[in-house]
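Trainee: Assemble the complex: chain A is given as a structure, and chain B must be docked to it using the hints.
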Amino acid sequence: MNAESGGALSPDDLSREFEAIYRRHRQEVWAAAYSRWLDPDLALDVMQETFLRFWKQRELGETISNPLAWLTRVARNLAEDYAKSAFRRHGTQADTTLSELRSKSVGPLDVLEQTELFAHVRQMLAELRPADRELLTLRYALDYTPVQIAESLGVSVDTIHMRLSRARQRLAERLSTLGAKFPP
Amino acid sequence: MTPNPVNHSAGFANSVSIDSSLVDADRLLTAFFQRELPRQWPEPPHRPCVTTRSASMLKDRQAEFTNHLPRWTLAACLMGMLMLGFWLSSLMIPQQGGIAPLTASSPPERLLNQAHADGQWMRETASPDDSNASQ
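Taken in sequence, the protein lines are chains A and B.
Just so we're aligned: the first sequence equals residues 1 to 184 in the working numbering.
Just so we're aligned: the second sequence equals residues 1 to 135 in the working numbering.
Looking at chain A on its own, in the form it has when it is part of the complex (with noise of 0.2 Å):
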């Protein structure tokens, strides 16, 4: 998974190496970037940019030895310049971003419905620390174990069991205080 990149290679193997990482890697550079501001187009962006600097590191004959590590703080870190843009703080977002009603081949009430209830989860999630919202884009997006995600962020399974459990509680008890019934 993580994969040592360096040394000097011909251009057609360099471009061979990195497209191989991007394909490996790119998913979990995403959920880097969009675990801190829950906006998958501005995670998008990120992970370009992310994989452009890794891209001209590795062209300069860069070696970098862990590629994953190496493009997960890059993209922590590019997230957080966002925070500090001007469009960040003074710029407009998108009508999508701020109503949730994005296009699905269902009924406008069922869309309404839907799109309330992922309101209140992307309020919770914006209201849990960078490092859980991450693990839950891990776990949820990407369908990762506990295992791979213990691997993938550096720390024990048990507190990823332990993080895990806790979101999950905190994201039904915000339910089920709007009147949702939840089976026991």
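It cannot be assumed that every hint is accurate.
Dumping the calculated SDA-like pairs for lysine to any residue here, alpha-carbon to alpha-carbon at most 25 Å [stated by the list, open to error]:
hint	chain 1	residue 1	chain 2	residue 2
1	A	Lys-56	A	Leu-78
2	A	Lys-56	B	Pro-45
3	A	Lys-56	B	Leu-78
4	A	Lys-56	A	Ser-10
5	A	Lys-56	A	Leu-68
6	A	Lys-56	B	His-116
Everything labelled a hint here was simulated from the structure, so no lab data went into it.
Mentor: Same frame as chain A, but now just chain B:
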């Protein structure tokens, strides 16, 4: 993600009515995150950039263009530029005083001046005897 049936009779004001498939927080989180996940991943970002490979291709194309350009074309261009330079320099010579500038009024004006000077000279050099003789 397939849409889940919803109990519309419950309304939205005070309670969120959801299907049992979404009641489970686990499933709800899965549905939420799967919806957020990009439908299509973009291509690797290095392709549109100028890479070493594309830079070397550019150099090859430049070399190819230079090699295939006919040499006589270059020679003709150089000769043309040389002739243009000679022509331009010849236009500059009169303004430096070598030859009088060719203007429309110059020749008659010079002739008049010359005639005036000749008449003056003839009047000054004419002897009184000539004038008396004429009388």
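Trainee: For every hint, state whether the structure bears it out.
Mentor: Against the structure, the hints:
Pair hint Lys-56(A) plus Leu-78(A) holds up; C-alpha atoms about 16 Å apart against a cutoff of 25 Å. The straight-line distance between the Cα atoms of Lys-56(A) and Pro-45(B) is roughly 11 Å, inside the 25 Å bound, and the hint therefore holds. This hinted pair does not check out: Lys-56(A) and Leu-78(B) have alpha carbons roughly 43 Å apart, beyond 25 Å. For a cut-off of 25 Å, the pair hint linking Lys-56(A) to Ser-10(A) stands: about 14 Å separates their Cα positions.
Of the supplied pair hints, the one linking Lys-56(A) and Leu-68(A) holds, its CA atoms being roughly 16 Å apart against a limit of 25 Å. Straight-line distance between C-alpha atoms of Lys-56(A) and His-116(B) comes to about 88 Å, which puts the hinted pair past the 25 Å bound.
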